[in-house]
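Q: Be aware that the sequence shown starts at 587, since it is given in our numbering, and climbs by one per residue.
These are calculated hints, taken from the structure and not from any lab test. Keep in mind it's a predicted model, so treat the numbers as computed, not measured. Please note that the accuracy of each hint is not assured.
So the derived label-pair ranges between C-beta atoms look like this [unchecked claim]:
id	residue 1	residue 2	range
1	L830	R954	26 to 32 angstroms
2	H962	D938	18 to 24 angstroms
3	S955	D867	44 to 50 angstroms
4	I683	K905	47 to 53 angstroms
5	G909	R878	21 to 27 angstroms
6	R942	Y887	31 to 37 angstroms
We put the CB at the ideal spot given by N, CA and C, even for glycine.
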Amino acid sequence: MAYAEKRGKYWRVKFKLPNGKYGSASEDDFGNRFTTEREAEQYGQALEADARRGRRVVNPRSGKLTFRAFATDWLDASDLADLSDQTYRSRVRAQLIPEWGDYELRDITLMSYRAWKKRLARAHETNYVNSLTALLRLILEDAVDDKLIDSNPVPFGRKAKRGRYVPPANLGEDEYVHADPHQILCASENARCVRDSIGYTMIMTIAYAQLRMGEVAGLLKDRVWLSDDPYGSAIRVDYQGHYLTGKGWTLHPPKYGSYRTLPLPPFLAELLRSCMDLYPDSPYMFPSITGRPLRVDDQFYGEFWNPIIAGRPAEPRRKGTRGRPALCPVPGIEGMVPHGGRHSGKVWMDEDGHPRVAVEERMGHRDRSVEGTYSHVTPEMRRRIAVSLQARYERSLGVAQTLWATPGQPDLPNIAQPA
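With the sequences and hints as input, model every part of the structure.
A: In structure tokens:
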């Protein structure tokens, strides 16, 4: 039972917690000190009544912790992969601390959260906004578990609709622009103009091996297994490579631990074989132009990716420069990002009717459905995917002979030549 104690001019209440121990409070939820014994006892009795009704009992002093202090401790205590840790710290520093840092945890309300989210939505893409709100929800949920606040003001899932209807962003449109094999071939020819055969091969590898960009950057030469058997070559995905603040270049397990072996269509195996010795001092299949690990940053997009998709005008040779040839834009894939090449390969496999379980395995996804549980991937399924990808590449070459005017078609082995 709650009881009050005199402390100078004010009173403190001791109240029983669900675990049998006693907590104490010297002020109410609004920060007012108890000036009478009765005020203190009533507050303690209310807390005990909440506990009997199953409500979480929170020490009133705990909610005074600022979001800045709690988020800093939360980041330090979280067991995260290096890349996730860098991403979380960046988002907390750039967005959450400037907005919520000086708030006491108990002062973060649903209304203030909604107003913040509305401002974010006006300035940023939907995916980025969703990632920020999810991170804030995660941090505050741990504050609830630590009994610093009694409930999380950031809502979970779908709730009753309030306010006017706002259609989802890009309603009816794909989130990622994807390409057909001919468009990938055009982009690859542009990449050849920028970085010779290694640029051509990189674009083909993204689309036809369906690799994530980090997996491309982290692909080691000894994980490219080449064979004289036309369909015996494969890529082993064991790493993704990234530059991390304070750590530099690092290799990490692939996203979600999606280790996998990818049988290659013959044309891609031969392209990789031809690039194997271009940078003999680098252990990586696709290093930067200087031979260092590939950094997927603003320079990568500005000097390589954006020009091969959107085109660029010719730049004449000047003193101290070599000049640059013009690149034709690739029609129909304006705005495509590297991940769109991976999506392209997924679309092709779906169109070719391959079993879902085999496609998801090649993409590095875990299929937790009933179908995924009771279906199994066989070597023949994997081989058929490689065969169909080879056929698509050969057909794209046939189209390119009539539509694509860039001189110098790739020098391919006989098996990759169009019929």
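Q: Taking the hints in turn, state whether each one holds.
A: Checked hints:
no.	hint	result
1	L830 - R954: 26 to 32 angstroms	30 angstroms, holds
2	H962 - D938: 18 to 24 angstroms	20 angstroms, holds
3	S955 - D867: 44 to 50 angstroms	46 angstroms, holds
4	I683 - K905: 47 to 53 angstroms	48 angstroms, holds
5	G909 - R878: 21 to 27 angstroms	25 angstroms, holds
6	R942 - Y887: 31 to 37 angstroms	33 angstroms, holds
When the structure is compared with the earlier hints, no violation turns up for any of them.
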